[in-house]
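K.L.:
Heads up: the protein sequence lines correspond to chains R and X, in order.
Last residue of the first sequence: number 507 in the working numbering, and the count goes up by one each step with no gaps.
Last residue of the second sequence: number 507 in the working numbering, and the count goes up by one each step with no gaps.
If you're looking for bench data, these hints aren't it; they were derived computationally from the structure.
Be aware that one or more of the hints could be misleading.
Where chains are identical, the list cannot tell them apart; a pair therefore holds if satisfied intra-copy or between any two copies.
[What the hints assert, rightly or not] Derived DSS-like pairs (lysine-lysine); straight-line CA-CA distance at most 25 Å:
| no. | residue 1 | residue 2 |
| --- | --- | --- |
| 1 | Lys-131 | Lys-273 |
| 2 | Lys-131 | Lys-459 |
| 3 | Lys-231 | Lys-157 |
| 4 | Lys-132 | Lys-319 |
| 5 | Lys-135 | Lys-119 |
| 6 | Lys-132 | Lys-459 |
| 7 | Lys-157 | Lys-452 |
| 8 | Lys-449 | Lys-119 |
| 9 | Lys-231 | Lys-372 |
| 10 | Lys-449 | Lys-132 |
| 11 | Lys-157 | Lys-449 |
| 12 | Lys-195 | Lys-206 |
| 13 | Lys-459 | Lys-319 |
| 14 | Lys-157 | Lys-464 |
| 15 | Lys-500 | Lys-195 |
| 16 | Lys-319 | Lys-306 |
| 17 | Lys-157 | Lys-350 |
| 18 | Lys-273 | Lys-157 |
| 19 | Lys-459 | Lys-306 |
There are 2 protein chains.
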Amino acid sequence: MTVQLKVKGFRFAAVPAGIKKPGKLDLGLILSDLPAISAGLFTTNKVVAAPVTLSSPRVRSGLCRAILVNSGNANACTGQDGMKDALYCGDLVAKALNLTPEMVAVSSTGVIGLRLDVSKFDAAVPALIEALSEDAAPVSEAMMTTDSFAKVSAAYGSVHEKEYTVLGLAKGAGMIHPDMATMLAFVMTDVAISKEFADWALRRAVAKSFNRITVDRDTSTNDMVLLLANGASGIAEIKEESPEAEEFCRLLDEILLDLAKMIVSDGEGATKLVRIVVCGARNEEDAMIAARSVATSSLVKTALFGEDANWGRIIAAVGYSGADVNPETVDILIGDVKLVKEGLGTGKDTEAKATVIMRQPEFTITIDLHLGNAEYDYYTSDLTYDYIKINADYRS
Amino acid sequence: MTVQLKVKGFRFAAVPAGIKKPGKLDLGLILSDLPAISAGLFTTNKVVAAPVTLSSPRVRSGLCRAILVNSGNANACTGQDGMKDALYCGDLVAKALNLTPEMVAVSSTGVIGLRLDVSKFDAAVPALIEALSEDAAPVSEAMMTTDSFAKVSAAYGSVHEKEYTVLGLAKGAGMIHPDMATMLAFVMTDVAISKEFADWALRRAVAKSFNRITVDRDTSTNDMVLLLANGASGIAEIKEESPEAEEFCRLLDEILLDLAKMIVSDGEGATKLVRIVVCGARNEEDAMIAARSVATSSLVKTALFGEDANWGRIIAAVGYSGADVNPETVDILIGDVKLVKEGLGTGKDTEAKATVIMRQPEFTITIDLHLGNAEYDYYTSDLTYDYIKINADYRS
C-alpha cells in the first residue's frame, strides 16, 4: 500500500540549503494553515541541544503550528551562540509567515559541536515557503542524516463518516556518525482535540513505542516527538474518554509504534528486529527492567546476530536486571519454542528448532517469570560487525 | 619482575580432570594448612550458580580454608541436581583432607546449563591432593576458560622486619563462550586478621577494583571473590585502624586493582585499557553513575576502538547518566589534552593531539564537572570486531 502523505490543513516543504552536501534536501518546514494544538516530549539528556531548549516551552504552550527542521547539524554543545542561532532561524520563519515567534518550533539533527551557518537559512527560508505543498514526503527526506530509508506512517479514522488522518514522520536511529544527535518524530493530524488530551495521548503513545526501543542505549541531545492537531477534518472536537478518543489513541499508538520499529530495524548495522516480552512479572516496573536488561545486553544482542539460541545469556540478563525473579520458575520461548522450562534447558532438539526461528529477520523472545500478571515489551536490534564499522571506522 | 607464586602456610595443586579437553588443567585446589579466616563477596545476579549458593554461607562463616575450583563447566542453571553435585564435590575434598564440609568452598566457571560429571571428580581429587605444593601457578592456569593469559598478582609487606605476602589469582572477563559464567578471584595471605577486618578490607578493596570495571555490563551467575588469611607469617594479628592495617589494605587494594585491570585488558576482543575519571562532581554517587555511563556506552567504546577523539559521545553519555551536570561547566581531557572547555570543543588542533594519545594501549579520559569535589573512576575496554566475532560466531 502506498501511504498517502498528506493531512488536511497542513502544508510541507523541503529544500537543499547547503547544510549537508550541495543538492541534498536538508531543510524542511511543516505548517498548519489553521491554528493548531501542539504537544511534545523532549530528550531527558541533561546535555540539551539549543533547538530543544528553545522549542520545548513553545510546544508545551500548546500554540505551535510550524516546525522548521534541518539535518546535517544538530546545533548541540554550541553554548549561547547556538541559542541565538536557533532563535534567529525560528524568527526567519515566523516573520515570513506572519506568525508570532512562539508559534514556530525549531528542530535540528546532525553533527554535534559545530555552529549553524545561519546565512544558509537566510537564503533558503524564502524558497522553502515558496515550495509549500500538500505532500509531506520531501520533509521526511530532508530529516534524514544517515538513515537508510525515510520513515513515514499514516493511519485513517472516521467519525460519523467524516474521515481524518494521523500522519507521522521520523528519523533515527543511533548517533551513526561520530557525533550525531538524532531521534526526531513529528505527528500531524486534522482532528480537533484539547491541549490536555493531546498531552495525555502523546505521552501514552510514546511510553508504548519510542520509550520501548533500544539500539545502543545512548540517548541523544536532540530527541523530540511533536504532535500538531488542527481540526481541519471538520469533525467536532474529540473528547477524552469517548469511543472516538479511544479510536484516535489506537491510531496514534499504531503510528508511533510503526515509526519506532522502523527506527530499530534501520538501527546501526542491524539485521534483526526482535521483540523482547517479559510476562508473569510481579509488577510492570519489574517486567520493564527485566525486558530492558535483556534488550540492551551486548551478549544477547551478539547472540541474536549469531542466530545462537543462547538462553544462558538471556536468563543471566534477567537475573542481574534487579527485577524480582525466581530462576526456578522462569520459562523462555523463542517464537513458540520453549527453550527453558522452570529455569532448566529443554534440550538440544528445542535449541535446534529455536535456531531456525532466529534466522528470520523478525521474531519474539518471551520470558515468563511466573510470579504475577504484569507484562512489558521492548524492541531491540542485533549487535553486528557493521555496528562497529559504522561507529569506529567513520573517520578512517 | 617474576612474581613469586607462593604464600606461607598455603599449598596449591591442579590436575587435568577431563572437564575441559583431555590433558588441560581444569581442576584446582587451594589449601591453608593452618586454620584460616575467610571472607567473600558473591555475584548480585539473582540467577545464582550452585557453587555460589553452597559456598557463600561457608565463606561468610569465616572458617573456610580450602577452595576447590573447576573450569569448563559453571554448574549454573542446573537446579537441585546442580546443588547435589556441588555438595558432593566439596565433600570429596573435605573427607580426603579431614576437614568439615563447611571448611571447603567450591567454585566453578565455564558452560552454563550442563550438569557436572562428578565421576571425574571421584577420579581426580586423590591426584589433586597428591599434587599439593607451594606453587600457586598451576591453579591460576586451571581456572582459565578462554582467558588468553593466567592472571596473578602478588604484593609484599612487613611488620617489624617480618615479611608477609598477599597473593591473588583471577580469571575473566566476559562470558566469552556462548554461555560462559566467569569472574573468579582468590586472594591468599599469611597475615593474621580478624574476620571483621577481613570482611571490611575485602569489601573496600573490591569496591575500588572489581566493582569499577566493565567489559560488557553483563554480570555472571558465578562471580566470586574470596580472601583467606592464615597468620602463617608469624606476625602478630594486624588490628584495624593501625598503621599496619593501612599498609595491608594498600597491598590488598593494589592486588585487586591489578587483577581487575588484567581482566579488562584480557576482555573480549579488547585492544585498549581506558580509565574513565569523573571529578568535580557534587557527590560520589553522581561521579560514579557518570563514569559508569561513559565506560559502558557502546558509542564511546567503539570510538575508543576507532581512536576517534569523539567528545560529543562522551558528553552525551554524561548527560543521560542521571548525574547532576551543567553542560556549560564540563571540561573533558584525553590524557592531558583539554578537548572540551566549559562544554565547547577546543578545536581541531587539540582533537589531533588527543588522537595521538588514543593510539596508545592505555590512557585516561577525565571529565571534570566543576560542580563539587567528588571523584570516581572506572576501567573499560574498547568495543571491537573481535568482540562480535567471539560472541556471535562461536558456533558457526
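K.L.:
Cα distance capped at 25 Å. Does Lys-449 pair with Lys-132 within a copy, between copies, both, or neither?
P.N.:
Close neither inside one copy (51 Å) nor across copies (31 Å); limit 25 Å.
K.L.:
Since the copies are identical, ignore which copy is meant and state whether Lys-157 and Lys-350 lie within 25 Å (CA to CA) inside a copy, between copies, both or neither.
P.N.:
Neither. Shortest intra-copy (35 Å) and inter-copy (46 Å) distances fail the 25 Å Cα cut-off.
K.L.:
Give the relationship of Lys-449 and Lys-119 under a CA distance limit of 25 Å: within one copy only, between copies only, both, or neither.
P.N.:
neither (48 Å within a copy, 52 Å between copies)
K.L.:
Check Lys-131 against Lys-459 for me: Cα-Cα at most 25 Å, and say if that holds within a copy, between copies, both or neither.
P.N.:
between (52 Å within a copy, 20 Å between copies)
K.L.:
Cα distance capped at 25 Å. Does Lys-273 pair with Lys-157 within a copy, between copies, both, or neither?
P.N.:
Close neither inside one copy (44 Å) nor across copies (55 Å); limit 25 Å.
K.L.:
Quick one: Lys-157 to Lys-449, C-alpha cut-off 25 Å, is that within a copy, between copies, both, or neither?
P.N.:
Between copies only: 21 Å across chains, 42 Å inside a chain, cut-off 25 Å.
K.L.:
Given a CA cutoff of 25 Å, do Lys-195 and Lys-206 count as a within-copy pair, a between-copy pair, both, or neither?
P.N.:
So Lys-195 and Lys-206 pass the 25 Å test inside one copy only (16 Å; across, 79 Å).
K.L.:
Is the C-alpha distance from Lys-157 to Lys-452 at most 25 Å within one copy, between copies, in both cases, or in neither?
P.N.:
between (43 Å within a copy, 17 Å between copies)
K.L.:
Under a CA distance limit of 25 Å, which applies to Lys-231 and Lys-157: within one copy, between copies, both, or neither?
P.N.:
Intra 29 Å, inter 56 Å, cutoff 25 Å: neither.
K.L.:
How would you classify Lys-459 and Lys-306 at a CA-CA limit of 25 Å: within, between, both, or neither?
P.N.:
neither (56 Å within a copy, 46 Å between copies)
K.L.:
Have a look at Lys-500 and Lys-195 and pick one of within, between, both or neither, based on CA distance no larger than 25 Å.
P.N.:
For Lys-500 and Lys-195, the Cα distance exceeds 25 Å both inside one copy (36 Å) and across copies (47 Å).
K.L.:
Have a look at Lys-132 and Lys-459 and pick one of within, between, both or neither, based on CA distance no larger than 25 Å.
P.N.:
Result: close only across copies, 21 Å inter versus 53 Å intra.
This entry does not satisfy hints 1, 3, 4, 5, 8, 9, 10, 13, 14, 15, 17, 18 and 19, going by the numbered hints stated previously.
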